[in-house]
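> Heads up: the sequence lines are chains A and B, in that order.
Take the position in the first sequence, starting the count at 1, then add 1; the result is the number in the working numbering.
Take the position in the second sequence, starting the count at 1, then add 1; the result is the number in the working numbering.
By construction, these hints were calculated from the structure, which means they are not laboratory data.
Careful, some of the hints might be misleading.
Repeated chains share a single entry, so a pair holds when one copy, or any two copies, can fit it.
In the SDA-like style, the derived pairs of lysine to any residue whose C-alpha atoms are separated by at most 25 Å in a straight line are [said to hold, decoys possible]: (1) LYS112 / LEU417; (2) LYS6 / HIS97; (3) LYS112 / THR28; (4) LYS6 / ALA98; (5) LYS57 / VAL5; (6) LYS6 / SER340; (7) LYS214 / ARG274; (8) LYS112 / ASP277; (9) LYS214 / ASP355.
Please read these numbers as outputs of a predicted model, since none were measured by experiment.
Number of protein chains: 2
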Amino acid sequence: MALVKAAAISGFPEWSPRVRLAELRLTDLVRRQYDLYGFAPIETPAVERMEVLTAKGGIQRQIFTVGRPGDDDGEAADLGLHFDLTVPLARYVVQHAAELVFPFRRQQIQKVWRGERAQRGRFREFTQCDIDIVGSGHLDPVHDAEVLPVINSVFDAMDIPGFEIRVSNRKILGAVFADAPGTAADALRAVDRLGRSDPEALNGALEQLGADKEQIDAVVALTATESVDQARRVLSGFPQAARGLAELDAVVHGAIQLGLPEDRLRTDFSIARGLDYYTGTVCETFITGHEDWGSVCSGGRYDDLASFFTNRSYPGVGVSIGLSRLVDLLIRGEYLPASAATPAVVLVATQDRDEYLHGYLGLARTLRTAGIPTEVFLQPAPLRDQISYASAQGIPVAVIAGRREFDDDTAIVRDLRHHVQQLVTGDDIVRHVRGLLVP
Amino acid sequence: MALVKAAAISGFPEWSPRVRLAELRLTDLVRRQYDLYGFAPIETPAVERMEVLTAKGGIQRQIFTVGRPGDDDGEAADLGLHFDLTVPLARYVVQHAAELVFPFRRQQIQKVWRGERAQRGRFREFTQCDIDIVGSGHLDPVHDAEVLPVINSVFDAMDIPGFEIRVSNRKILGAVFADAPGTAADALRAVDRLGRSDPEALNGALEQLGADKEQIDAVVALTATESVDQARRVLSGFPQAARGLAELDAVVHGAIQLGLPEDRLRTDFSIARGLDYYTGTVCETFITGHEDWGSVCSGGRYDDLASFFTNRSYPGVGVSIGLSRLVDLLIRGEYLPASAATPAVVLVATQDRDEYLHGYLGLARTLRTAGIPTEVFLQPAPLRDQISYASAQGIPVAVIAGRREFDDDTAIVRDLRHHVQQLVTGDDIVRHVRGLLVP
């Protein structure tokens with residue numbers, strides 16, 4: 002029989018158990034914070050009808066298509082894999098509007114697929130962690146401010162050097178191009194790409210887009226500006242910018258009032274989210290000292306989530322964490338230790354398995370009942386090999402017992418990291434193991 | 002603009018937040034038990050090369066194909082969505098063999114896709130929860146027994162009336178057809194379908210397959226048999242059955258020694274797993290009083306997991322829970338209450354939001370820091386509407402405060418289920434809310 006090659010598909014990450022365990026810790030942490038703020042979890046199918054996926058236009062060439070199997074009895078619609086969680090949310094909200102309570106606060110942690118060119122940190126399959134607050138007809142502006150402290154809580158719970166949430170409002174840059182709405186989108190993208198890092202290139206790019214000198218000067222000055230008051234002066238020639246500036250001011254003050262520490266938040270007018278459909282507040286999050294990683298959590302306000310499904314308006318605000326990329330970055334940066342290859346933290350080693358199996362299993366049951374993940378080494382092997390196995394797997398504690406220990410209702414608890422061990426009585430095993438496991 | 006219809010795709014389940022929360026509780030419970038037994042988590046891409054998916058033959062017509070997007074720069078291989086987690090495991094083990102420690106104990110909880118005809122309880126997208134123990138070259142038979150107590154622990158942790166694990170060994174029925182291996186697979190399928198429920202139909206089906214009277218009598222008698230000793234007598238004319246009977250005996254005794262209560266385990270020679278690739282031990286799990294639901298957790302032993310990828314043998318044993326179907330069944334059976342539409346268990350109601358926002362957020366922060374998921378009602382609304390919102394969402398507790406309470410550093414804690422409330426001091430809020438939340 003010809004063998005099939007066992008190989009990965011480029012751009013589809015697949016991790017060792019060590020990294021997967023680290024990823025699960027991070028996913029649990031994100032979900033825990035989303036839970037604490039009362040965001041209701043939903044899941045939507047990986048597969049959507051193509052007309053749903055392409056309704057808001059744009060990235061059709063990045064969508065993986067899905068073909069139905071031969072014996073299909075279903076509808077004839079074209080299908081594709083969802084490329085984000087926002088389009089599915091829009092469909093979900095419209096489809097289930099009658100059963101939902103608005104404002105609908107939802108969290109969604111799921112895989113998405115994008116046919117982007119595979120490159121470092123760009124996956125074709127990756128997990129997104131989204132929260133959104135969606136109103137029916139109306140959504141109080143206080144919710145723009147509300148999502149920012151959630152980002153703060155999520156990243157605060159991670160073991161990273163620090164982070165900063167940068168916030169702006171798309172109406173501000175939009176107002177500079179109010180008389181040339183066709184240019185506005187391209188200008189936003191140019192600002193997004195060149196930001197404050199290269200004023201000269203930004204100048205050139207805007208020139209090429211046909212912007213006039215007043216516009217170019219305003220945008221370049223704006224990207225170097227760090228406060229709403231300064232921005233008001235810079236944009237004094239663009240009265241339509243007042244609304245965006247007022248909204249941004251309210252979001253900044255609201256977020257601080259809502260508990261976001263001031264030093265975690267910065268107004269940054271170069272934040273534009275050029276490729277997205279935001280209409281007001283926009284934000285990005287950077288890890289201190291790793292600004293070159295790019296934003297690790299982004300989002301904003303959109304006036305109308307579901308305009309391609311319904312004439313009713315569903316304004317919303319939300320943020321999204323690209324979890325797979327974040328895991329990749331945090332592991333490279335050594336902020337997310339991938340230390341163990343198994344959830345087990347205790348190995349019950351066995352000697353004379355057949356004689357004392359009951360005893361070993363009794364030990365394992367005691368530990369598991371106490372909530373301590375435990376593996377029993379069930380294959381016949383010398384104790385030395387069993388301890389090597391535990392060390393190789395990153396299991397920190399071994400419980401060892403033989404005739405003498407079972408006769409005395411004791412066991413040896415060995416700390417494999419510090420190479421120390423202690424004989425403890427049966428009643429004392431859980432307490433002793435717990436003591437070793439506390440960091 | 003023409004509107005796109007927001008509608009579901011048949012066979013792709015999509016649940017309300019209430020059901021999704023219940024599903025997450027169940028998923029967490031399964032994962033927790035898999036963790037306690039030390040199964041290492043992995044994930045594999047949803048997408049595999051078609052030659053990988055079809056290598057072991059069989060259900061090609063059930064595979065959803067995946068087409069690459071237009072701007073793809075990748076390999077030209079055909080792709081498809083994985084239809085189970087065993088084929089991906091085989092590829093993973095062969096591809097990463099050098100980095101894995103064997104026996105490799107892995108858990109994998111992921112979506113799979115099958116183009117089956119949509120019908121009640123049969124989804125085209127569903128979550129499977131698999132554990133497998135895979136050896137390299139050899140796998141001690143003790144692991145066949147080891148997975149059964151894990152099933153026991155998982156279902157024991159659920160709120161169901163009871164359950165029974167039924168176990169057999171495919172070598173036993175195989176031995177009856179040792180001289181006609183072509184018939185064996187069909188006979189296994191007939192036994193699987195008709196089991197012990199309809200001996201006459203089974204008789205007829207086997208006759209049609211060309212089985213002789215001795216074979217038919219043996220199979221029909223066997224499916225009515227409930228112990229290995231009885232089976233030995235029934236199969237005295239088929240000496241090759243001895244090996245399968247001995248293996249089954251060892252698995253039953255081993256599982257009981259490993260802590261599986263005797264009344265949870267039954268030998269059942271009608272368990273054949275006709276459509277699977279098992280070569281020895283096979284098992285199914287039934288919920289007491291709901292045997293008509295079919296098996297909710299099945300698995301078995303395979304001598305060679307990855308024969309289509311490598312000449313090295315990787316024997317394994319594992320079980321799989323079809324989680325989406327189980328959630329559907331448990332909710333219909335009212336064993337998995339879908340009571341709340343949000344993870345929040347406390348609503349902090351607001352009156353005069355602008356004046357006291359700081360106080361409301363302080364209350365929320367205190368509760369969240371104590372690990373209590375809390376939502377703050379941020380939109381201006383009468384208290385009555387806020388309480389209705391909490392009740393509609395299934396939030397059991399409301400914390401209410403106004404000028405008087407803030408002046409006295411107190412708050413009203415209202416139990417919305419029992420319509421009682423109490424004024425408590427700020428220091429006492431966490432303790433009081435926790436008291437209400439304990440079942």
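> Compare the structure with each hint and give your call.
Structure-based check of all given hints:
1. LYS112 / LEU417: Neither way: LYS112 and LEU417 sit 37 Å apart in one copy and 37 Å across, limit 25 Å.
2. LYS6 / HIS97: Classified as between; 12 Å across copies, 44 Å inside a copy.
3. LYS112 / THR28: For LYS112 and THR28, both the intra-copy (12 Å) and inter-copy (17 Å) Cα distances are at most 25 Å.
4. LYS6 / ALA98: Answer is between; shortest inter-copy Cα gap is 14 Å, intra-copy 47 Å.
5. LYS57 / VAL5: Classified as between; 10 Å across copies, 40 Å inside a copy.
6. LYS6 / SER340: neither (30 Å within a copy, 48 Å between copies)
7. LYS214 / ARG274: within (24 Å within a copy, 76 Å between copies)
8. LYS112 / ASP277: For LYS112 and ASP277, the Cα distance is within 25 Å only inside one copy (19 Å; across copies 28 Å).
9. LYS214 / ASP355: neither (87 Å within a copy, 43 Å between copies)
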